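Trainee: My request is simple: use the sequences and hints to build the entire structure.
These protein sequence lines are chains A, B, C and D, in that order.
Once you know that position 251 of the first sequence is 251 in the working numbering, the rest is easy, because the numbers rise by one and skip nothing.
The number in the working numbering is simply the position in the second sequence, starting from 1, with 369 added.
The number in the working numbering is simply the position in the third sequence, starting from 1, with 502 added.
The number in the working numbering is simply the position in the fourth sequence, starting from 1, with 666 added.
Each hint should be verified, as a subset may be incorrect.
Per label pair, the in silico range of CB-to-CB distance [to be verified]:
1) Pro672/D x Arg275/A: 44 to 54 angstroms
2) Arg722/D x Pro282/A: 57 to 67 angstroms
3) Arg395/B x Pro282/A: 51 to 61 angstroms
4) Lys678/D x Gln168/A: 48 to 58 angstroms
5) Pro628/C x Ile389/B: 47 to 57 angstroms
6) Lys527/C x Tyr56/A: 32 to 42 angstroms
7) Tyr56/A x Ile389/B: 49 to 59 angstroms
8) Gly16/A x Phe644/C: 27 to 37 angstroms
9) Thr594/C x Pro719/D: 43 to 53 angstroms
Chain B is faced by these chain D residues, among others (derived, beta-carbon under 7 angstroms) [as the list claims (entries may be wrong)]:
10) Asp746
11) Ser750
12) Lys793
Calculated directly from the structure, the hints in this document are not laboratory data.
What you are looking at is a predicted structure, and each value in this text was computed from that prediction instead of being measured.
We treat Cβ as the ideally placed atom computed from N, Cα and C, and that holds for glycine.
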Amino acid sequence: MDIEEKEIAFLTVPFGPQHPASGHFHALLKVDGETVLELEPHPGYLHRGFEKLMEYRIHPQNCVLVDRADVLDPFSCELGYANAVEKIAGLEIPGRGRYIRTIMAELGRILSHITWIGVLSMVLGFDSANKIAWGDREKILRLNEIATGGRLYPCYLCVGGVRRDISQEFVDETSKALDYLEGQLSFYDYFVFKNETFVMRMEKVGRMSAEEAIDLGATGPNLRACGIDYDVRKDEPYEAYSKVKFNVVTRGEGDAYARSLCRRYEIAESISIVRQLLKNLPDGPYRMELSPVWAAPEGESYFCLESARGEKCFHVVSDGSPCPYRVKIRAPSFLHTLVEFPYLAKESTIADIPAIYWSLDSCPADMDR
Amino acid sequence: MRKMGYLSDKFSRTFTPFGILKNLFRKPMTLQFPYETLPPVEGYRGRHTIDLEKCAGCFICSMICPNKAIWPAEFKGRRYPQVNLGKCCWCQLCEEYCPNEAIKLTPHAMMVTMDKESAILGLGEEGFVPRHQ
Amino acid sequence: MISDIESRLKSKFPDSLLNVVSKDKRITFSVKKEESYPILSELKDIGFNHLSDVTAVDYIDEQEFELTYHLWSHQEKIRAIVKVRIPRESPTVKSVVGLWTGAQIHEREDHELFGINFEGNPNLLPLFLEDWEEIPPFRKDFDTRKYVKEKYYLEEEGYPVVKG
Amino acid sequence: MKKLTPKVIKSKSEARAWSVWAINYFTACGFMELLPWVGSGYDMERFGILAVPSPRHADVFIIAGYVTRKAAKRIKMIYDQMASPKYVLALGSCPMTGGMYWDSYATIKRVDEIIPVDLWIEGCPPKPENIGHGIVMAANAIKGGLEGH
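Mentor: Structure, rendered in structure tokens:
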């Protein structure tokens, strides 16, 4: 029988929700031998319909609900929602509230990047670095607990400022934790990022050029690894970012190793940002007094911020009632997992799939919302 | 010759004697759970307490609760808010919106149950009576 | 800069840009349904190469959907927000997958959660929900609390006791 | 130094109590509070709990948060593949009564409609110390003869 007539059937390998490296996300790999021909993503395991639920709740309840949208970097969601609503109403937050929000946003970025180091090394089978990284993130969660009273979900923001003031004890604990983490960074350098097996696993894997990254809608460290310095903190400064000096980390290669280095140097940047903020923290009120059932005036606003994963935007439409009329969350992981990952997975081997997936640092809860 | 990488000396020598010695005498990172735990933080949002005298029975707390975890319950002829920990999300909105600070969140966070009914905090003399073991 | 972008757009499409607002590095305007695709491809040639989001808002009392395209240009660091109104009965609009590949997944999500179909989008399969029978859930006439009460809760009076 | 007494395994249930293997399928946001337990913060391997990828070797299924309808099918499938004395530990208030997403069209309101649950740990998500309290309680209960399903 002639080979050509017979339709070649390819094996489809499930990269399932119960795979240790996949998080809660399912993908079907069309495989020819070792190389992956095509990857078909199936999200939806963590879809709770956030945007529908937020239309039934008033703004304080939404501020509490919305930080469950992204599990690895909860504070960026709260920050986005509160700022979007404040932009509609044109509220001006007192100076101290701005500084506290920026400090907590940067601590959330450090927390998310350290958790990412842990997950990436677990996925690559590098268990000792995973145990150490997941032991280190306790320091930041401890700061969350002292400042906001909640460990993972701070529930710390409300429209008009912050719900609690930060104490001097928090300032001392933060500087101690930051010194410890700076020492750990050099440890991660020699233990993870310069490790021979790690570099060989990550180099030239999942490479995309600058034009491809822009066309696919990549943002955040994935885009900056391709050489484009798009950082919302620099281009559309919000909160207190215009008062701090920091530089945007970019690399040129665009492969998985460049993305890892981008995130590693961003931790160092965030540590220096928090130190600058703590040094000149203004006094005064940290919250505007608004009525309990405060209603935003009629209007629409689109607020973008730089979360740990990329550009996270909130499009809030308000019709004058205490509940928002429509909220749309632009989740960066949505593009990383459902557009970039299938593009990068083509012509890669099955063994590289977890390395590519977690070098894009996409959080399944953030993807499904 | 292996191509030089991005950082200065790309491949660190994983066998670094001083590194091993430094780690040998470092305190272990793991806390032996039942004997050592991190001290609780006094501002932590844990289980609720209620001051029966201060409570005016206005039920603002049950209206503001995003998860509808606070329901009215009878106790000695008067209706008081009763918290169902199975629904609560510990967001402290009830404490913030209570006009005369009757309901408060304490840093107590040990809440483990075998059956679901004991998640509902019963009403007792000095406020909520947890029914856990 | 933002003024020459505005003038270039106005010269190309003299009468189809409605209520243009250009303020602090953002240009916002709304467009009729027919001219949405040519204007968007013109914006892409100008330099708006990053499509941040395609948002659908359901104005049920005006029986219209409003699609908002959020664009960002990496060179000029300017954001463009284009609004398109489409009727609610048979919501169809030309897909922009040809201009930005990232738009494919945004449109697929809007298709599943709002029921808007985009001509030219190859893959509009369901994304989040498996075997969903009701109307698209994010529409305003789908009440999630009523749906949940019938499906999961017996009665709302005291504790919502769950069925079964 | 603590007195290091050799651990003498007296009965079958005690042996089962100190080698409860958890399946490596952590559903939702509770997993972020399990990281100190899986990692080196509190290290659950001191209690004999190992995160095992395959359901055939697992004894306990940790439901770490809300359960959507799409995930419920997979959870049911995995639960049926687990070996017979199996236990279920549910973290947080979402599996118990729907918690945060009580009015969401996509989540399951009570997990014990799908699989029988032995131990509930409240918290949103629960603190690691709270989970530790639950683990110690579960181990004592199993040692005391708690028969799984």
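Trainee: Each hint needs a verdict: does it hold in this structure or not?
Mentor: Each hint, compared with the structure:
1. The supplied range of 44 to 54 angstroms is met by Pro672/D and Arg275/A, whose beta-carbon atoms lie about 50 angstroms from each other.
2. A hinted range of 57 to 67 angstroms for the beta carbons of Arg722/D and Pro282/A is consistent with their spacing of about 59 angstroms.
3. At roughly 39 angstroms, the beta-carbon separation of Arg395/B and Pro282/A lies outside the given 51 to 61 angstroms, and the hint is violated.
4. Distance hint check: the CB atoms of Lys678/D and Gln168/A are about 55 angstroms apart, consistent with the given range 48 to 58 angstroms.
5. Under the hint 47 to 57 angstroms, the C-beta atoms of Pro628/C and Ile389/B, about 54 angstroms apart, fit the expected range.
6. Between Lys527/C and Tyr56/A the beta carbon distance is about 34 angstroms. The supplied range of 32 to 42 angstroms therefore holds.
7. Checked against the hint of 49 to 59 angstroms, the C-beta distance between Tyr56/A and Ile389/B comes to roughly 58 angstroms, which is consistent with it.
8. Between Gly16/A and Phe644/C the CB atoms are about 30 angstroms apart, so this pair conforms to the stated range of 27 to 37 angstroms.
9. One distance hint, 43 to 53 angstroms for the beta-carbon pair Thr594/C and Pro719/D, holds here, with the actual separation near 46 angstroms.
10. Taking 7 angstroms as the C-beta cut-off, the interface hint given for Asp746/D is violated, the closest approach to chain B being about 23 angstroms.
11. Because the closest C-beta pair between Ser750/D and chain B is about 20 angstroms apart, greater than 7 angstroms, the hint is violated.
12. Taken as an interface hint, Lys793/D checks out: its beta carbon lies about 5 angstroms from the nearest beta carbon of chain B, inside 7 angstroms.
Violated hints, listed in ascending order, are 3, 10 and 11; each of the other numbered hints is respected by the structure.
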